[in-house]
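Chemist: As a plain string of letters, each chain reads:
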Amino acid sequence: AQKVTQAQTEISVVEKEDVTLDCVYETRDTTYYLFWYKQPPSGELVFLIRRNSFDEQNEISGRYSWNFQKSTSSFNFTITASQVVDSAVYFCALKGGSYIPTFGRGTSLIVHP
Amino acid sequence: DAGVTQSPTHLIKTRGQQVTLRCSPKSGHDTVSWYQQALGQGPQFIFQYYEEEERQRGNFPDRFSGHQFPNYSSELNVNALLLGDSALYLCASSSQGGRRGDTQYFGPGTRLTVL
Numbered sequence: 034a035q036k037v038t039q040a041q042t043e044i045s046v047v048e049k050e051d052v053t054l055d056c057v058y059e060t061r062d063t064t065y066y067l068f069w070y071k072q073p074p075s076g077e078l079v080f081l082i083r084r085n086s087f088d089e090q091n092e093i094s095g096r097y098s099w100n101f102q103k104s105t106s107s108f109n110f111t112i113t114a115s116q117v118v119d120s121a122v123y124f125c126a127l128k129g130g131s132y133i134p135t136f137g138r139g140t141s142l143i144v145h146p
Numbered sequence: 010d011a012g013v014t015q016s017p018t019h020l021i022k023t024r025g026q027q028v029t030l031r032c033s034p035k036s037g038h039d040t041v042s043w044y045q046q047a048l049g050q051g052p053q054f055i056f057q058y059y060e061e062e063e064r065q066r067g068n069f070p071d072r073f074s075g076h077q078f079p080n081y082s083s084e085l086n087v088n089a090l091l092l093g094d095s096a097l098y099l100c101a102s103s104s105q106g107g108r109r110g111d112t113q114y115f116g117p118g119t120r121l122t123v124l
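Going down the list, the protein sequences come from chains A and B.
Counting from 1, position 89 in the first sequence corresponds to residue 122 in the working numbering; the numbering is continuous, with no gaps.
Counting from 1, position 4 in the second sequence corresponds to residue 13 in the working numbering; the numbering is continuous, with no gaps.
Keep in mind the hints are simulated off the structure, nothing from the lab.
The beta-carbon is built from N, C-alpha and C at its ideal position, and this holds for glycine as well.
If a hint is listed, it holds; no wrong ones were tucked in.
Simulated restraints on C-beta separations:
hint : chain 1 : residue 1 : chain 2 : residue 2 : range
1    : B       : Asp71     : A       : Gly130    : 23 to 29 Å
2    : B       : Thr23     : A       : Asn100    : 45 to 51 Å
3    : A       : Val47     : B       : Pro70     : 43 to 49 Å
4    : B       : Ile21     : A       : Arg61     : 40 to 46 Å
5    : A       : Thr113    : B       : Asn68     : 35 to 41 Å
6    : A       : Glu59     : B       : Ser104    : 27 to 33 Å
Selected chain A positions facing chain B (in silico; Cβ < 7 Å):
hint : residue
7    : Tyr66
8    : Gly76
9    : Leu78
10   : Phe80
11   : Arg83
12   : Phe124
13   : Tyr132
14   : Ile133
15   : Phe136
16   : Gly139
Okay, chain A solo, but in the shape it has when bound (with noise of 0.2 Å):
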């Protein structure tokens, strides 16, 4: 069985920090995918970032920056200098064998001007 476990919540920071989300996740299988996505107050689910679970190369996209270990099975997500408009509810997933995605619970991401 796949699980995802995001246990913030909630965080709540001032505009300028930075501020990371962190996923951990637990699979029996060997070759799999990791996302996140965001999700603002409209409802839509916008894609970041796919990692598969053979490149644990970090990745840095502008302000964005994701870190994966494998030996601690987590990936965590990164915002630096933080804006207003990155406040929305961020979700962590992961795919395995069975093909079907799970979805951790998701961090509500406040920033505070």
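The hints should help you fit chain B onto chain A, whose structure is shown.
Modeler: Showing chain B alone in chain A's frame:
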């Protein structure tokens, strides 16, 4: 390039009724998945359609059924609505026939309220 579209945006039904939700995938995509997202929860996978057939199904009762048309658009039908069916229903499309590594792109969702 049109993204994933869903209709209607909002819907209010009463218990016992039936509802049909619609989804048009992103241009170039052939696979459609449906999710139910209850308030404060992550999306829960309902089922996936590819080549007009249900390929994968999550842990949802038979009251939930679907269809995919030759143009890849899809419908989600829910019969005998329960109060617990109130949720945001999300459609996602992808282009790899549901393979493990496919990236799904989501629509804006349909908010269903059951009274």
